[in-house]
Amino acid sequence: PTEDDALPSSLIEAMACQLPVVTTPVGAIQSIIINGRNGISVSPKNFQQLYDALVLVMNSKELAHELGRAGWHTVQENYSAKIVTQKYTDLFKMLIQQNQYVNNRGMVRPSDNKTSITVESQE
Numbered sequence: 003p004t005e006d007d008a009l010p011s012s013l014i015e016a017m018a019c020q021l022p023v024v025t026t027p028v029g030a031i032q033s034i035i036i037n038g039r040n041g042i043s044v045s046p047k048n049f050q051q052l053y054d055a056l057v058l059v060m061n062s063k064e065l066a067h068e069l070g071r072a073g074w075h076t077v078q079e080n081y082s083a084k085i086v087t088q089k090y091t092d093l094f095k096m097l098i099q100q101n102q103y104v105n106n107r108g109m110v111r112p113s114d115n116k117t118s119i120t121v122e123s124q125e
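Here the sequence shown is numbered in our numbering, starting from 3 and rising by one per residue.
Bear in mind the hints are in silico, worked out from the structure with no lab data behind them.
None of these values were measured; they are calculated from a predicted model.
Ideal Cβ positions, reconstructed from N, Cα and C, are used throughout, including at glycine.
Possibly wrong hints are sitting among the right ones.
[What the hints assert, rightly or not] FRET-style restraints, in silico, Cβ to Cβ:
id, residue 1, residue 2, range
1, Ser33, Asn61, 35 to 43 Å
2, Tyr53, Gln99, 49 to 57 Å
3, Lys47, Ser82, 30 to 38 Å
4, Glu68, Pro46, 35 to 43 Å
5, Leu9, Leu97, 39 to 47 Å
6, Met60, Asn101, 47 to 55 Å
7, Leu21, Gln88, 32 to 40 Å
8, Asn48, Gln88, 32 to 40 Å
9, Phe49, Glu15, 20 to 28 Å
10, Gln99, Ala66, 42 to 50 Å
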């Protein structure tokens with residue numbers, strides 16, 4: 003398991019394949035994994051917890067299947083192509099609306115250094 007990762011794609015990929023996951027509650031992982039429901043969460047650097055969780059999943063096909071199925075549902079509800087596309091569409095709509103708001107208040111032009119936007123008033 004990871005000690006520091008925002009949202010590992012390997013976690014989402016494993017869940018999409020209905021594999022049971024054992025991970026640590028760091029970064030965005032803690033908002034995705036519900037311990038014992040769609041994965042098993044262990045404390046970072048707690049090797050005994052990690053060992054116990056892995057043995058538990060390996061020795062219980064029923065638990066492994068339940069965790070895998072619940073993980074798949076989590077991915078379908080939050081990370082499917084349809085959901086991600088909708089999230090990007092919503093983001094772009096919001097950015098366009100913000101840009102229109104700025105344009106109504108002043109002219110927007112890229113700055114010379116290409117890392118920021120300069121707003122000039124049209125008064």
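A quick look at each hint next to the structure:
Checked against the given bound of 35 to 43 Å, the beta carbons of Ser33 and Asn61, roughly 29 Å apart, lie outside it. The hinted window of 49 to 57 Å between Tyr53 and Gln99 holds, with their beta carbons roughly 51 Å apart. Distance hint check for Lys47 and Ser82: the Cβ-Cβ separation is about 33 Å, which falls inside the suggested range of 30 to 38 Å. Glu68 and Pro46 have their C-beta atoms about 25 Å apart, which leaves the hinted 35 to 43 Å range violated.
Taken as a hint, the range 39 to 47 Å is violated for the pair Leu9 and Leu97, whose Cβ atoms sit roughly 22 Å apart. Evaluation of the 47 to 55 Å hint for Met60 and Asn101 yields a pass: the beta carbon distance comes to about 53 Å. Checking the proposed 32 to 40 Å range against Leu21 and Gln88 shows it is violated: the Cβ atoms sit about 26 Å from each other. For Asn48 paired with Gln88, a C-beta distance near 38 Å keeps the hint of 32 to 40 Å intact.
Distance hint check: the CB atoms of Phe49 and Glu15 are about 25 Å apart, consistent with the given range 20 to 28 Å. The beta-carbon spacing between Gln99 and Ala66, approximately 46 Å, falls within the hinted interval of 42 to 50 Å.
The structure fails to meet hints 1, 4, 5 and 7 from the earlier list, while all remaining hints are met.
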